[in-house]
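A.B. asks: Spelled out, the chains give:
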Amino acid sequence: MANRKITVDHLCRVEGHGGVTVELKDGKVDKVQMDIYEAMRYFEHFLKRVPYDQTASIACRICAICSAVHNIVSNQATEDAFGVKCSDQTNLLRRLYVAGGNIESHALHVYLLALPDLMEPRYHSALHMAQDLPEVAKIALDIKKCGNEIQDIVGGREIHACNTKLGGFGRIPKKDELKYLRDRLEKTLENAAATVPIVKGLDVPAYLKSENTYVGLVPYGDKFGYMGDKIAVSDGTVVDVHDYLNVTNEYVVPYSHAKFSAWKDKPFMVGAIARVHLFFDKLHPTAKAVAADIGYKPPIHNSLFNSVAQVLELVDAIADSIDVIDAVLAEYDGSPKDPVVKPKAGKGTAGIEAPRGTLYHSYEYDADGNCIGADIITPTCQNYGNMEKDIREMVENNPGFSDEDIHFHSEIIVRAYDPCISCSVHVINLDKQ
Amino acid sequence: MAKPSIGVYGLTGCAGCQLNIINCEDELLDIAAAVDIKSFIMAQTGNVECEIDIAFVEGAVSNEKQKKQLLDIRERAGLLVAIGTCASWGGVEAMINDVPREVAKKDVYGDTMKDNPFYDCFNPMPLKDVVKVDFQIVGCPIERPQFIQAVASLLNGNLPLLPTYALCTECKFKENECLLIEQDKFCLGPVTKAGCGARCPSNNIPCEGCRGPVFEANYASEVEIMLEKGYTKEYIAQQMSTFAGTVSAEDLGARKLVKTDIP
Numbered sequence: 001m002a003n004r005k006i007t008v009d010h011l012c013r014v015e016g017h018g019g020v021t022v023e024l025k026d027g028k029v030d031k032v033q034m035d036i037y038e039a040m041r042y043f044e045h046f047l048k049r050v051p052y053d054q055t056a057s058i059a060c061r062i063c064a065i066c067s068a069v070h071n072i073v074s075n076q077a078t079e080d081a082f083g084v085k086c087s088d089q090t091n092l093l094r095r096l097y098v099a100g101g102n103i104e105s106h107a108l109h110v111y112l113l114a115l116p117d118l119m120e121p122r123y124h125s126a127l128h129m130a131q132d133l134p135e136v137a138k139i140a141l142d143i144k145k146c147g148n149e150i151q152d153i154v155g156g157r158e159i160h161a162c163n164t165k166l167g168g169f170g171r172i173p174k175k176d177e178l179k180y181l182r183d184r185l186e187k188t189l190e191n192a193a194a195t196v197p198i199v200k201g202l203d204v205p206a207y208l209k210s211e212n213t214y215v216g217l218v219p220y221g222d223k224f225g226y227m228g229d230k231i232a233v234s235d236g237t238v239v240d241v242h243d244y245l246n247v248t249n250e251y252v253v254p255y256s257h258a259k260f261s262a263w264k265d266k267p268f269m270v271g272a273i274a275r276v277h278l279f280f281d282k283l284h285p286t287a288k289a290v291a292a293d294i295g296y297k298p299p300i301h302n303s304l305f306n307s308v309a310q311v312l313e314l315v316d317a318i319a320d321s322i323d324v325i326d327a328v329l330a331e332y333d334g335s336p337k338d339p340v341v342k343p344k345a346g347k348g349t350a351g352i353e354a355p356r357g358t359l360y361h362s363y364e365y366d367a368d369g370n371c372i373g374a375d376i377i378t379p380t381c382q383n384y385g386n387m388e389k390d391i392r393e394m395v396e397n398n399p400g401f402s403d404e405d406i407h408f409h410s411e412i413i414v415r416a417y418d419p420c421i422s423c424s425v426h427v428i429n430l431d432k433q
Numbered sequence: 001m002a003k004p005s006i007g008v009y010g011l012t013g014c015a016g017c018q019l020n021i022i023n024c025e026d027e028l029l030d031i032a033a034a035v036d037i038k039s040f041i042m043a044q045t046g047n048v049e050c051e052i053d054i055a056f057v058e059g060a061v062s063n064e065k066q067k068k069q070l071l072d073i074r075e076r077a078g079l080l081v082a083i084g085t086c087a088s089w090g091g092v093e094a095m096i097n098d099v100p101r102e103v104a105k106k107d108v109y110g111d112t113m114k115d116n117p118f119y120d121c122f123n124p125m126p127l128k129d130v131v132k133v134d135f136q137i138v139g140c141p142i143e144r145p146q147f148i149q150a151v152a153s154l155l156n157g158n159l160p161l162l163p164t165y166a167l168c169t170e171c172k173f174k175e176n177e178c179l180l181i182e183q184d185k186f187c188l189g190p191v192t193k194a195g196c197g198a199r200c201p202s203n204n205i206p207c208e209g210c211r212g213p214v215f216e217a218n219y220a221s222e223v224e225i226m227l228e229k230g231y232t233k234e235y236i237a238q239q240m241s242t243f244a245g246t247v248s249a250e251d252l253g254a255r256k257l258v259k260t261d262i263p
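Chains as they are written, first to last, in the working numbering: chain A, 1 to 433; chain B, 1 to 263.
Misleading hints may appear alongside valid ones.
Stated by the list, open to error - Now the in silico label distances, taken between C-beta atoms and shown as ranges:
#1 D333(A) to E51(B): 56 to 62 Å
#2 E51(B) to K175(A): 50 to 56 Å
#3 N3(A) to Y235(B): 34 to 40 Å
Bear in mind the hints are in silico, worked out from the structure with no lab data behind them. Think of the CB as a built atom: it goes at the ideal place given N, C-alpha and C, for glycine as much as any other residue.
Whole structure, please, built from the sequences with the hints as guidance.
C.D. replies: And the structure:
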């Protein structure tokens, strides 16, 4: 049999610049590689120059789609270094802000980036889809807009927050603004429910059958959520977030500007499908009802279902945000006394669940609060190994696939992970040995 | 008449300006109906790289491949619009332009990638250092209303009119208390281009200059005020380098007057 080489030069409908190469030798898969050629930006140098009160504002520029979580986890890592404890109201507002980012990002990915692949007929983009299905496009954009409105009102801007700071917020949203968001969320919950029949009818390919290893942060408390200080692996292991390097185990490959990760020498997966797998029981009752309606029940190991898991998370985030706003309004404090932030020498680490998986920030400061070291590990980096595994499996399980089929399905697989390539190539490593 | 054709491209950056185009939720479908989007890799498949009326380019130029791509876009585009602070000024990645990229590379990837040409890059530069730029929409990220306004103007054959004054003007309109004069905070409002509605100062957070310098920014006066308030030259230089390219403490004076021919 002839040798074949299939190359996806530029992955479309994903954030950032990357491609895929698949090589077959004598009909067998010889090589699969994620070619990540997003230009390097070397954030470690920026961060090593900045004072502690600016780390978050600069670190969030790593990525636009995940800006909210970069911002919050960066502040939390610095707070960890300085021993700063935030008020309950701050924690609730951060939860709301992160949910806003998640609603925006999931709506963008599910409805505008992934859906056009899984519809019959397939579309080049949501804008092309909108010509046939204007109502779907309008609902999708309105859900996305709600997420942006939360980020705008709570974070100060839809991308790259300018109202967040160490220990709290520059300005507490007014009661009227929170009530406005609550009304918007009620409407958005209806909109999200209206998309469930479409999600139910999606044509998700079934060729990915091997078992995934899932990793995610254990959410604080009884509710599903995106913040926690313990890392859970689906094999039962639990690791303290300060020991995140024991989970991520990064390594460098010659064809990618991003680093790869492995758990016990094997690839693993982070993101919505991992979180829903690990913490399904904690989902909001409204999201559980949608899961029952769709027929989504973990364990699910077909990575392509990540987009469906995102729909469950989308519903959870909308419903939970309504509860969060009620909790803030119940004990509203418009001009809180934020904790005093006093720099001291030392290290701080925090993890957060970005829309596309677990994100870690770790910093080292000198006694004056100047950043002297930074390490940031993004979810997309952790997922690259698993993407390669899935593409290999897709080719192996479909011996009849033409080059065009392999090209098309490679894109579908990568896109299902909701990758954020800018994030993955920020690259920071700071250990100053 | 055929619809004007456009392309949206991303070089080195966070994709936030492209995302803010997609974030025009209320207008996106109308924009898509008014123009023919030939290429927008972040948003669609089936892209065609042909002659276009308007190219919107995000991000700084930081390697040979991008330089070639930008020259090609310039060749094919009637108008080339830089979107965002990276494309207009270099952005955060230009903050370390006083450090050779080889040093940064070794620090991040170790020695393993030393001779791998795939890892070659140079100091990030704004588009205007490589090609002629017809118009700039600044911001980190760009403000959606300004993008929509720009598209509307361009579709009608005009160059858009965006604010050319300093951020302080907008801050005064909002009747905010001055963070610089009243609270001694390090605020870059006086030297930064307006257009965001003074977002940060309206949240009691000083302006960090993410929109880049305003035309004829009076850096000398800003530096003098900051020195009087007790900030060190190093600190001032670091703050001013965050978005608009590296400036050293010794070179602060060189930032006295920032001029650009690009509207």
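A.B. asks: Checked against the structure, which of the hints given earlier come out wrong?
C.D. replies: 3
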